[in-house]
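Protein chains: 2
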Amino acid sequence: MSDKAPWITYRPELKVLDCTVRDGGLINNHQFTDELVRAVYDTCVQAGVDYMEIGYKNSVSQFPKADFGAWRHCDEEDLNRVVGDHDDDKTGLKLVAMADAGKSDWKDKIVPCDQSVLGMIRVAFYANQVSEAVDMIRHCHELGYETSANLMAVSSITEAEIDTVLEAVRPTPAGTMSIVDSFGHLYREQIDMLYTKYAEALAGTGKEIGIHAHNNMQLAFANTLEAIILGANRADATMAGLGRGAGNCPMELLLGFLRNPKFKLRPIIKLLQDHITPLRETVEWGPLLAFNLTGQMNLHPRAAIKYRTTADKDDYVKFYDELIADI
Amino acid sequence: MSDKAPWITYRPELKVLDCTVRDGGLINNHQFTDELVRAVYDTCVQAGVDYMEIGYKNSVSQFPKADFGAWRHCDEEDLNRVVGDHDDDKTGLKLVAMADAGKSDWKDKIVPCDQSVLGMIRVAFYANQVSEAVDMIRHCHELGYETSANLMAVSSITEAEIDTVLEAVRPTPAGTMSIVDSFGHLYREQIDMLYTKYAEALAGTGKEIGIHAHNNMQLAFANTLEAIILGANRADATMAGLGRGAGNCPMELLLGFLRNPKFKLRPIIKLLQDHITPLRETVEWGPLLAFNLTGQMNLHPRAAIKYRTTADKDDYVKFYDELIADI
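Protein chains in written order, with our numbering: chain W, 77 to 403; chain X, 77 to 403.
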């Protein structure tokens with residue numbers, strides 16, 4: 077990159093991950109139509125997106141099929157039905173599933189990589205689950221997958237806890253460690269502090285640093301750019317920012333910024349028009365005031381999500397007073 | 077500010093300017109009710125906001141009263157009707173009007189400061205109008221007003237032009253020079269470049285640097301924070317981000333971030349609920365896709381605003397194709 081006007085140049089090693097179906101599915105228990113999932117897939121291919129996270133590899137006993145759609149479990153037959161023709165080499169896209177520590181039957185349900193269209197497993201975990209996460213990463217690596225360590229809710233734990241997680245992740249085969257701002261609480265200077273911490277702890281391992289931002293304070297795109305500026309080479313985004321509560325970094329903003337000519341914006345715009353905007357008739361997401369407030373207060377958005385389903389959903393003052401009374 | 081966790085400390089000299097009525101009025105030709113303007117005023121007082129920009133001092137011949145509301149002209153009798161009881165010392169608030177170079181009868185229509193509730197005139201100008209702007213600043217200063225130089229559309233001019241404007245503004249009595257991202261096009265590194273340029277050119281003058289951001293790419297709040305981090309002590313925002321096209325930096329986000337205990341968020345939330353959200357029934361603003369695109373392309377939002385009034389307003393692909401064909 078040029079030092080003079082870096083915003084018109086690019087790093088070829090910077091890769092974009094679409095997590096529309098995985099993260100967006102938290103709004104609707106992953107009950108997307110096959111048509112929508114395929115449309116997101118086709119769009120990722122056309123737009124030059126590097127990774128598409130198509131769902132969770134989560135436990136059927138914890139997330140019964142009666143209540144949750146196929147993309148909560150990513151059974152191989154569901155994957156094959158919708159993207160069975162996938163080919164990494166022909167498309168330039170790698171398919172990804174996320175497995176949560178504590179919520180995944182990972183020992184039994186993840187098949188060897190050469191038997192799946194999936195090429196990567198991202199392991200999501202809270203700090204106190206790091207030991208299981210390390211086991212999961214090693215297991216998935218042995219099965220042939222690229223792997224990633226996604227420490228969630230990093231704004232709610234101490235620096236000593238973060239350091240301990242980084243020490244545990246360092247010797248694993250995880251190719252990426254992501255900064256995950258689950259509560260949408262982090263400001264620019266906190267992204268800097270975390271990036272520096274992650275980079276120093278993982279120096280010399282070849283691990284990439286990723287960024288997964290939420291949009292509670294309209295900072296998801298800005299914080300993604302900030303991490304990229306500092307050196308993060310893995311960036312997560314979703315189409316129209318689709319995601320639980322305030323949503324995520326919008327893909328249309330991220331691809332509009334990135335200068336690698338392989339990225340194409342027009343297919344994204346078409347997907348938004350044909351498939352994503354219509355979802356707003358049944359589900360709500362975006363940086364509404366209620367999510368601004370939980371983000372500012374470093375709270376899980378669940379209180380705001382719940383309040384948005386009540387008759388008082390537009391009584392902002394009442395919600396604010398309740399939040400303040402609770403802290 | 078602490079170096080370790082600056083985001084929980086504050087600079088007492090950082091002042092916030094509300095430009096809801098002035099900038100938001102570009103949506104509706106400044107045809108706000110007196111009740112709304114007074115509600116914004118009362119909220120600014122209660123919330124600890126330092127400046128409220130209540131409208132333009134623009135020319136009646138160019139902006140006829142038949143078509144434009146009172147806040148396009150800020151005649152003294154209109155000001156006195158709604159905020160005639162204003163007192164800087166009692167409220168801690170200073171009232172501001174903006175005067176545009178080329179659109180203002182400033183020689184005749186700006187009364188001496190001691191005969192007005194206004195305490196500040198901000199002079200807005202394009203680079204090629206800098207000579208008139210300098211005259212306006214000197215004139216308003218002589219009348220007793222605090223003054224500010226607001227170079228608009230800074231993303232669309234050359235560095236040499238910016239340097240020339242800064243040289244011209246440097247010897248004036250303007251207390252503030254603002255970075256104004258009219259097209260909502262600037263990324264973080266460009267804010268840094270401009271801040272450094274403004275700060276170097278104005279060093280030793282005692283002038284403050286301000287930031288006025290637009291939200292085309294969901295970066296208004298982030299860019300405002302960026303300028304503040306670098307040292308800007310004047311930050312503009314509007315209630316709910318009200319403003320033409322994508323709108324502005326949302327006051328509720330800015331005050332939620334600032335740690336000076338004089339700032340209060342609750343009055344803002346109440347205003348949003350009672351007065352600002354209801355405006356959405358008749359006017360549209362916010363970082364919609366159309367504004368994302370004009371921001372990315374460094375275009376005035378007028379094409380997007382016009383398109384949003386057509387029957388094709390949700391045909392994003394058509395709008396994108398038209399924009400691409402035009403550049």
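Each hint should be verified, as a subset may be incorrect.
Pairs involving identical chains hold if they fit within one copy or between any two copies, as the list cannot separate such chains.
Unchecked claim - Distance condition first, Cα-Cα at most 20 Å in a straight line; then the derived DMTMM-like pairs of lysine to aspartate or glutamate: (1) 185 <-> 111; (2) 346 <-> 181; (3) 170 <-> 110; (4) 80 <-> 111; (5) 170 <-> 143; (6) 273 <-> 79; (7) 340 <-> 397; (8) 389 <-> 357; (9) 338 <-> 154; (10) 141 <-> 237; (11) 80 <-> 350; (12) 183 <-> 79; (13) 179 <-> 388; (14) 91 <-> 390; (15) 141 <-> 152.
Derived by calculation from the structure, the hints in this document are not laboratory data.
Hints, one by one, checked against the model:
no.	hint	in the structure
1	185 <-> 111	neither (25 Å within a copy, 62 Å between copies)
2	346 <-> 181	neither (37 Å within a copy, 47 Å between copies)
3	170 <-> 110	within (19 Å within a copy, 58 Å between copies)
4	80 <-> 111	neither (45 Å within a copy, 49 Å between copies)
5	170 <-> 143	neither (28 Å within a copy, 57 Å between copies)
6	273 <-> 79	between (24 Å within a copy, 16 Å between copies)
7	340 <-> 397	between (45 Å within a copy, 13 Å between copies)
8	389 <-> 357	both (17 Å within a copy, 17 Å between copies)
9	338 <-> 154	neither (29 Å within a copy, 56 Å between copies)
10	141 <-> 237	neither (35 Å within a copy, 63 Å between copies)
11	80 <-> 350	neither (39 Å within a copy, 47 Å between copies)
12	183 <-> 79	neither (47 Å within a copy, 46 Å between copies)
13	179 <-> 388	neither (33 Å within a copy, 45 Å between copies)
14	91 <-> 390	neither (39 Å within a copy, 30 Å between copies)
15	141 <-> 152	within (15 Å within a copy, 68 Å between copies)
In the structure shown, a violation is registered for the earlier hints numbered 1, 2, 4, 5, 9, 10, 11, 12, 13, 14, in ascending order.
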